[in-house]
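Trainee: Okay, here's what each chain looks like letter by letter:
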Amino acid sequence: MLIVGPLVGAVVVGLVGALGRRFSHVPHGRRWMPVAATVAALALWLLLTLAAQDEWAVYGRSLLLNDMGRTLFQGLLLLLAVTFALTAVWPQESPFVPLSLAVISPLAAMVMIRPYALGALFLALAVVVLVMTMQADRRADTGVAWRYLVMGVLALPFFLLAGWLADTPAAFPWGAARVLAVAAILVLGGFPFMMWVRPAARQVSVLLRPFLFGGVQLAVIAFLFGWLLAKPGWQADPGFQNWLRWSGLLTVLLGGLLAAAARELPDVLPSLLLLDVGMGLLTLLLPGVAGWETAVSILTARSISLLLAGLGWLLSGGYSEGMAQRPWAAALWFYGCFSLLGLPLTPGFAGRWALLSALPGQSEGAGSVVLIALLLLGAAGGLWGVGRILLRLREPIAEPEDFAVLHRE
Amino acid sequence: MAAAAGSPDRAGEQRVTLMTIFDWLDRLAFLRGETAAWLVVLTAVLIVVVPDLRLKLLALAGQYFAAALLFVDVLDPRLAIVKLLVGWFVCLILYMTGRQVNWDRPPEDVTVEEARRWRAPKQVSLGRYRLPVWAVRAALSGLTLLLVWWLARQPSVYLPLAAEDAAYESVAYMNLAVYGLLAFGLLQMALAARPLAGGMGIFMFLTGFALFYSSLDQSLVGLGLLAAVNLAMALGVSYLAQSRRVLIVNSQ
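Protein chains in written order, with this note's numbering: chain A, 1 to 409; chain B, 1001 to 1252.
Where hints are given, some of them may not hold.
[Unchecked claim] Each computed SDA-like pair below joins lysine to any residue, with the alpha-carbon atoms no more than 25 Å apart:
1. A:Lys231 x A:Ala290
2. B:Lys1122 x B:Gly1142
3. A:Lys231 x B:Val1221
4. A:Lys231 x A:Met68
5. B:Lys1122 x B:Asp1104
6. B:Lys1122 x B:Val1133
7. A:Lys231 x A:Trp246
8. B:Lys1122 x A:Gly288
9. B:Lys1122 x B:Leu1046
10. B:Lys1122 x A:Asp141
11. B:Lys1122 x B:Trp1103
12. A:Lys231 x A:Ala358
13. B:Lys1122 x B:Pro1051
14. A:Lys231 x A:Val58
15. B:Lys1122 x B:Ser1251
16. A:Lys231 x B:Ser1219
17. B:Lys1122 x B:Leu1053
18. B:Lys1122 x B:Leu1055
19. B:Lys1122 x A:Arg147
20. B:Lys1122 x B:Val1112
21. B:Lys1122 x B:Leu1216
22. A:Lys231 x B:Leu1216
23. A:Lys231 x B:Lys1122
24. A:Lys231 x B:Pro1106
25. A:Lys231 x B:Pro1160
26. A:Lys231 x A:Asn66
27. A:Lys231 x A:Gly288
Just so you know, the hints here were simulated from the structure itself, not pulled from any lab data. All figures in this text were calculated on a predicted structure; none of them were measured in a lab.
Could you put the whole structure together from the sequences, leaning on the hints where they help?
Mentor: Dropping the structure here:
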């Protein structure tokens, strides 16, 4: 149901969208597709909640929907339903809708299939659909989607090799855990493979961001944790720990530095997102179910933060000056930014607190203190960047000449 | 369909027998083994160095053929044929996309200034020097070729390709093909600025990995999913190539 349902739903929603475009003269014709997509997402959520069977056999392989997977996809479908409902209000942001519903199908197969290595092939299929989703409104530069596609392709061999090495550990000097760490860094956008994160966060539709950077990344982390929970020794591997720790730390520091250096309002959010991506990567260091719960907390908060910031951006009219003119829109946007930073009284705080309090137990001596200090330094950089933009918004804005002429007319 | 020499039946009529995959493989025996590995590397160099997209695509189709001859050494020949068909299907998708985007050439009704946006740069700046792009590509290809040739001869980095009962030397040439496809695939992905050309790097990389992985996992599900990934990637690359054209046309 989770594999076929979204594909059927996407086709139906696409057809409704085509009808809406055909009858664009009818009032609200452009809103038919988002409404149909919202209904489809809610129907899938309901079916998933009521579904009793949780294991299927396909060509000698099993598809297993455990509690973790069920909760994950219920959350993803709800996130999509909210996003689609918002595209009914802003129909110009809706071209990504059918494809983002379709991507649930390969993501579900990725999480459910056993052995885990085969999930990587479904991840590659999901990356292709996501690339199309990013380009659906023909606004973003194709270079962004291209980089994401390349990262997905490069991660594939590492995932499959990790699956093979799990059975033949002596065949490769790195070992399965380290190979899996490289794959995780590649596909989650950690340092040094983060070149697609900021451009994508800046260019794709604001309503797609919560799903792309929150929902999809949570599904990938669920796939990784499924693997790690089945092979508990992998997380204890020093190489796995070191590579992920350094990659996560450098991603956080880079995000903080870029946010601190940001001059324009649209540059801040992508840098804060990069910072949060680094934090998400670090959750893979935490053992067992505690790590998974922290990841859920961080990535759910990321989706909410991006949704709030996106709403603020749309309410401001989609340009920086609009923020100064509409304080409530600016408040939503800044609240989303503060939540990405994990400040208290925001949705992002719980996950950040859980991560920072659990990390010291993963390394000994002064190392853990230095790690926490550097992570806080990154967050401070982000806070500096947001604060500076906030102060700049309070300055009077010089009205652009053509804008002034339009208003006079 | 080609036919083997017929044999007279009882009524004296000439009976036509179709050639099987195994007959074809016998006929192509002179191309198998190390020759096929070098063919794969040669086509990989062509894809990186040649500027014309149509010639690149022709080289990619040839590469799939040579790679299929190598797949026969690690897979059941009937599955190797499926690999070849999938590869040629990828080429067909890229060909149709290439036609639709006019092989990344500018439309006829653009000004000289607008046409500049379509054309790939002909020179690369390296510090204060400006070098022709073809020379940089050729130099990097030469370096990559040397690296691949050296790697393929290092027993310490031999890939685990041989079946347990087979002598390793019998498939040692596979190292050359796998390393060559992976290295040139990465090089093409890094050098190509456009989806259609860069996509050929993706397919080289995937073929190289599939050549290696097929000796590790020969399950039908794994092979089928790898084929699905190849076809999906072709659709993704085509979608990006189309989007790029639409974006540039709309911005004019």
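Trainee: Now tell me, hint by hint, if it's right for this structure.
Mentor: Taking the hints in turn, this is what the structure says about them:
Annotation: proposed proximity of A:Lys231 to A:Ala290 holds, straight-line Cα distance about 15 Å (limit 25 Å). At most 25 Å may separate the alpha-carbon atoms for a hinted pair to count; B:Lys1122 and B:Gly1142 meet this at roughly 19 Å. With a C-alpha separation of about 23 Å, the suggested pair A:Lys231 and B:Val1221 falls inside the 25 Å cut-off, and the hint holds. This hinted pair checks out: A:Lys231 and A:Met68 have alpha carbons roughly 16 Å apart, not beyond 25 Å.
For the suggested pair B:Lys1122 and B:Asp1104, the alpha carbons sit about 15 Å apart, so the restraint of at most 25 Å is met. About 5 Å separates the Cα atoms of B:Lys1122 and B:Val1133, which keeps this hinted pair within 25 Å; it holds. The suggested pairing of A:Lys231 with A:Trp246 holds, with an alpha-carbon distance near 22 Å, which does not exceed 25 Å. In summary, the hint linking B:Lys1122 to A:Gly288 is not supported, as the alpha carbons are separated by about 53 Å, beyond the 25 Å threshold.
At most 25 Å may separate the alpha-carbon atoms for a hinted pair to count; B:Lys1122 and B:Leu1046 meet this at roughly 18 Å. Restraint check: the Cα-Cα separation between B:Lys1122 and A:Asp141 comes to about 22 Å, which is no more than 25 Å; the hinted pair holds. Restraint check: the Cα-Cα separation between B:Lys1122 and B:Trp1103 comes to about 17 Å, which is no more than 25 Å; the hinted pair holds. Restraint check for A:Lys231 and A:Ala358: satisfied, since their Cα atoms lie roughly 21 Å apart, inside the 25 Å limit.
Taken as a hint, the B:Lys1122 and B:Pro1051 pair is honoured in the structure, with Cα atoms around 10 Å apart against an allowance of 25 Å. For the suggested pair A:Lys231 and A:Val58, the alpha carbons sit about 24 Å apart, so the restraint of at most 25 Å is met. About 23 Å separates the Cα atoms of B:Lys1122 and B:Ser1251, which keeps this hinted pair within 25 Å; it holds. For the proposed pair A:Lys231 and B:Ser1219, the alpha carbon gap of about 23 Å is at most 25 Å, so the pair holds.
For the hint linking B:Lys1122 to B:Leu1053, the alpha-carbon distance of about 15 Å falls within 25 Å, and the restraint holds. As the CA atoms of B:Lys1122 and B:Leu1055 are separated by approximately 18 Å, the hinted pair is consistent with the 25 Å bound. With a C-alpha separation of about 23 Å, the suggested pair B:Lys1122 and A:Arg147 falls inside the 25 Å cut-off, and the hint holds. Between B:Lys1122 and B:Val1112 the alpha-carbon distance is near 16 Å, which keeps this suggested pair within the 25 Å criterion.
For the proposed pair B:Lys1122 and B:Leu1216, the alpha carbon gap of about 43 Å is over 25 Å, so the pair is violated. Only pairs whose Cα atoms come within 25 Å are accepted, and A:Lys231 paired with B:Leu1216 is accepted, the gap being roughly 21 Å. Between A:Lys231 and B:Lys1122 the CA atoms are separated by roughly 51 Å; this puts the pair beyond 25 Å, and the hint is violated. Pair hint A:Lys231 plus B:Pro1106 does not hold up; C-alpha atoms about 53 Å apart against a cutoff of 25 Å.
Distance restraint check for A:Lys231 and B:Pro1160: the Cα-Cα separation of roughly 24 Å lies within the 25 Å cut-off, and the hinted pair is therefore satisfied. A distance of roughly 17 Å separates the Cα atoms of A:Lys231 and A:Asn66; the hinted pair therefore holds under the 25 Å criterion. For a cut-off of 25 Å, the pair hint linking A:Lys231 to A:Gly288 stands: about 10 Å separates their Cα positions.
This entry does not satisfy hints 8, 21, 23 and 24, going by the numbered hints stated previously.
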